[in-house]
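Go by the hints and put chain B onto chain A.
Those protein sequence lines, which keep their order, are chains A and B.
For the first sequence, position 252 matches number 664 in my numbering, and the numbering has no gaps at all.
For the second sequence, position 309 matches number 310 in my numbering, and the numbering has no gaps at all.
Since the hints were made in silico from the structure, they are not lab data.
Quick reminder that beta carbons are idealized off the backbone N, C-alpha and C, glycines included.
Treat each hint with caution, since some may be false.
[Stated by the list, open to error] Interface residues of chain B toward chain A, partial, derived using beta-carbon atoms under 7 Å: (1) Leu80; (2) Arg113; (3) Leu114; (4) His117; (5) Val259; (6) Ile263; (7) Gly300; (8) Ala301; (9) Val304; (10) Ser307; (11) Leu308; (12) Pro311.
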Amino acid sequence: MTAQAIIQSLASGLLMGLLYGLIAVGLALIFGLMDVVNFAHGEFLMIAMYVSFFLFTFFAIDPLLSAPLVAAALFVFGAVVYLLIVRFAMRAKANAGMVQIFTTFGLAIVMRGLAQFFFTPDYRSVPHSWLGGKTISIAGIFLPEPQLMGALVSILAFAGLYFFINRTDFGRALEATREDPGAVALVGIDKNRVFALGWGLGAALVGLAGAIMASFFYIYPDVGASFALIAYVTVALGGFGSVFGAFAGGIVVGLVEAMTALMLPPSLKSVGIYAVYLLVVFIRPRGLFGSI
Amino acid sequence: MDKNFAARRRRDLIIAAVLVALAALAPLFVKDVYVQNILILTLMYAALSQSWNILSGYCGQISLGHALYFGIGAYTTELLFTKFGVLPWFGMLAGGMIAAAIAMGLGYPFFRLRGHYFVIATIVIAEIGLLLFQNWEWAGAAMGITIPVRGDSWVKFQFLRSKLPYFYFALALCSLAWFVTWWLEDSKWGFWWRAVKDNPEAAESLGVVVFNSKMGAAAVSAFLVAVGGAFYAQFLAYIDPESVMGFQFSLLMALPAVLGGIGTLWGPVLGAAILIPMTELTRSYIGGSGRGVDLIVYGALIVAISLALPQGLVSLFSRSKAKNQAKGATR
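In isolation and in its complexed conformation, chain A is listed as follows:
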């Protein structure tokens, strides 16, 4: 194992890690806002990839250009899912945790079924996109352009999210609702609107990730499952409820995955992520940046 190979792995791992962070941050946002884990998060990613795929197939819009459109579509989708389904799961008095887990899980199964029904279980990919298959080389290190773009979008999205939460009225309403959902009603903030906004935002972020991924990953109904588990681990590693934790967690996960792939057979590359997750929560049961 040469130094070159290690640096190459670290660089690819960092790029992939930023993308994992982008996938996970929506999950962290929703959890931080209302203590709900969206077990259909992977399926949100899957839908985003299909939307991007169809925008390319029917309108020849490159995934890179369609990313904002996909994010907007997913925003609406996320808000609707909250208003039509999750809102009611929040009302459960008994077994609230189980109800939320199984409501969102049932939704995930329905979404997978719908994807199979409408799009068939076939594997699809976006051929000849602008970035697909291209790499650039810096000092002998090869970086795939789609992942590089994904990392860039991820950093911009985090910066945007940070600005949104800290500098805008809606962001402050989000923060206030998160701290005390009961009290905000007194100052005229509609809790349901804020939660719907949170779900919309969370979905839009995973929408961005999906659009980017469409240019270098196969698209099929079950594609979300493996990324979802990584996203849960990422969020828990960073600490539930911490958006910054999801960002940092993503980087850690990407690097650990790349290092594991260097040392173990490729089929075991996820074992490293899982082992690090267990190690971190055993030392810090609230994750790296979790405060609750």
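Chain B alone, transformed into the frame defined by chain A:
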């Protein structure tokens, strides 16, 4: 109150005895192998869900990684059988004990975790188990193990001519899991578990040994699930990591209890009785197209029941009873 409780427990036991007797007679009327197959799976999932319910329902430690114990039961039995010729009965016991030991070993770090951190840790550990078995050459790696034909007898726990022996074993396992739950419900442990689930700090302050009671629940739960895994392996005569340790098993174990009523004695049985036939029927009647219609129906049902009956189907019965009692009180 105490009198009512004792009466209710006696009634539960009588109902269970009647149900088991009726179920034991079922093969007299059900000759169709396809239907027998559904009955066997229903009984097996009822048993698994009942066992899962002990840790996750009664004790409140929600595990979505019980597939690990299921897979350990299946693999221990079949590795001992195919590599060393050990009869499945002993393998089953060994698998149960290994699973219980692993559950307790994992308990030391895991039971410090709260809420979603615990849930995700259970998913993760099962996933690690799955990946390790997929890469473990001696255990057949991803190809799995085909269980060789050694005859048709209870001694070898292998039946070629008829599915009925499997049916009776599944019925016995289901009855055992139910009886263990029934028995524990009224034991010191049962009360500890409910106290730990409702409020661990308060339980601790009242002298409940929170950690030990979680450990007890984990061990009993894992042991019974592993026995279920051993049964499933013999029943299918073929195992591979994905088919005995995949995430879907963790879910399929939890769902009947959740739909029927988590943390209740009858919830898992009721949930399995409805869910498993429904799953099998939707799969064979509308799933054949491979277009996912069965998934849509199945998922929508999970959403609908979770939202409409957060306390599960058993709450339909207890609710009407509570109403009657309230009426009686006002009268």
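The hints, checked one at a time:
1. Annotation: leucine 80 of chain B was flagged as interfacial toward chain A, and the flag is violated, the nearest CB pair being 20 Å apart, outside 7 Å.
2. At a threshold of 7 Å, the smallest CB-CB gap from arginine 113 of chain B to chain A is about 5 Å, leaving the interface hint in force.
3. About 5 Å separates the beta-carbon of leucine 114 of chain B from the nearest beta-carbon of chain A, less than 7 Å, and the hint is met.
4. A cut of 7 Å between beta carbons decides the hint on histidine 117 of chain B: the least distance to chain A is about 6 Å, and the hint holds.
5. For valine 259 of chain B, the suggested interface contact is upheld, since its CB lies about 5 Å from the closest CB of chain A, less than 7 Å.
6. Hint status for isoleucine 263 of chain B: holds, given a least beta-carbon distance of 6 Å to chain A, under 7 Å.
7. Annotation: interface hint on glycine 300 of chain B holds; nearest CB of chain A at approximately 3 Å, less than 7 Å.
8. A cut of 7 Å between beta carbons decides the hint on alanine 301 of chain B: the least distance to chain A is about 5 Å, and the hint holds.
9. Interface hint status for valine 304 of chain B: upheld, as the beta-carbon distance to the closest one in chain A is roughly 4 Å, under 7 Å.
10. At its closest, the beta carbon of serine 307 of chain B sits 4 Å from a beta carbon of chain A; the interface hint therefore holds under the 7 Å criterion.
11. With its C-beta approaching chain A no nearer than about 5 Å, leucine 308 of chain B sits inside the 7 Å limit, and its interface hint holds.
12. The beta carbon of proline 311 of chain B comes within 4 Å of a beta carbon in chain A, closer than 7 Å, and the hint placing it at the interface holds.
Hint 1 from the earlier list is the only one contradicted by this structure; the remaining hints agree with it.
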